[in-house]
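Asker: Sequence:
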Amino acid sequence: MLWHYIAPGNPQQNGFIESFNRRFRDECLNEHLFRNLAHARSVIKGLRPDHNAVRPHTSLGGMTPEVFAQHTDKAYSNPQTLT
1 MLWHYIAPGN PQQNGFIESF NRRFRDECLN EHLFRNLAHA RSVIKGLRPD HNAVRPHTSL
61 GGMTPEVFAQ HTDKAYSNPQ TLT
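Sequential numbering from 1 applies to the sequence shown in the working numbering.
Keep in mind that the hints were calculated from the coordinates and are not lab data.
All values reported here derive from a predicted model rather than from experimental measurement.
There's no promise every hint is true.
When the alpha-carbon atoms are kept at most 25 Å apart in a straight line, the in silico DMTMM-like pairs for lysine to aspartate or glutamate are as follows [what the hints assert, rightly or not]:
{"hint": "1", "residue 1": "Lys45", "residue 2": "Glu66"}
{"hint": "2", "residue 1": "Lys45", "residue 2": "Glu27"}
{"hint": "3", "residue 1": "Lys45", "residue 2": "Glu31"}
{"hint": "4", "residue 1": "Lys74", "residue 2": "Asp50"}
{"hint": "5", "residue 1": "Lys45", "residue 2": "Asp26"}
{"hint": "6", "residue 1": "Lys45", "residue 2": "Glu18"}
Distance windows between CB atoms, simulated [unchecked claim]:
{"hint": "7", "residue 1": "Gln70", "residue 2": "Pro8", "range": "37 to 45 Å"}
{"hint": "8", "residue 1": "Gln70", "residue 2": "Ala38", "range": "17 to 25 Å"}
{"hint": "9", "residue 1": "Ala38", "residue 2": "Gly9", "range": "30 to 38 Å"}
{"hint": "10", "residue 1": "Gln13", "residue 2": "Leu47", "range": "42 to 50 Å"}
{"hint": "11", "residue 1": "Asp73", "residue 2": "Pro49", "range": "35 to 43 Å"}
{"hint": "12", "residue 1": "Lys74", "residue 2": "Ala7", "range": "36 to 44 Å"}
{"hint": "13", "residue 1": "Val67", "residue 2": "Ala7", "range": "36 to 44 Å"}
{"hint": "14", "residue 1": "Val54", "residue 2": "Phe16", "range": "19 to 27 Å"}
Using N, Cα and C, we set each Cβ at its ideal position, and we do this for glycine too.
Please model the complete structure; the sequences and the hints are all you need to start from.
Answerer: Below, the structure written as structure tokens:
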């Protein structure tokens with residue numbers, strides 16, 4: 001496996017993770033005071049379903065992942081809609 005490291009001072013080389021890190025910091029880390037590592041893990045575990053299913057994503061055209069998945073399932077079940 002070949003590793004590609006991000007050069008120091010060039011976060012734009014991996015914009016997707018930098019965008020996620022910013023949102024995670026704003027929406028989670030800046031909003032909670034963690035008592036210990038176990039508390040941090042439980043809070044983050046509780047936020048994951050919201051982020052992965054309910055929260056709208058700009059990369060999905062403002063749709064939630066659940067709605068996007070429903071549209072994708074419909075498109076693949078009716079191949080005429082893919083053109």
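Asker: Look at each hint and say if it fits the structure.
Answerer: Hints versus structure:
1. Lys45 with Glu66: holds (18 Å)
2. Lys45 with Glu27: holds (14 Å)
3. Lys45 with Glu31: holds (15 Å)
4. Lys74 with Asp50: Answer holds: Lys74 to Asp50 is near 23 Å, not above 25 Å.
5. Lys45 with Asp26: Satisfied, since the Cα-Cα distance of roughly 16 Å is no more than 25 Å.
6. Lys45 with Glu18: holds (20 Å)
7. Gln70 with Pro8: 37 to 45 Å: holds (42 Å)
8. Gln70 with Ala38: 17 to 25 Å: Because 36 Å falls outside the window, the suggested range is violated.
9. Ala38 with Gly9: 30 to 38 Å: Given about 35 Å between the Cβ atoms, the range holds.
10. Gln13 with Leu47: 42 to 50 Å: Distance hint for Gln13, Leu47 is violated at roughly 27 Å.
11. Asp73 with Pro49: 35 to 43 Å: violated (20 Å)
12. Lys74 with Ala7: 36 to 44 Å: Between Lys74 and Ala7, where Cβ atoms are some 42 Å apart, the hint holds.
13. Val67 with Ala7: 36 to 44 Å: Holds: the Cβ-Cβ distance is about 37 Å, inside 36 to 44 Å.
14. Val54 with Phe16: 19 to 27 Å: holds (20 Å)
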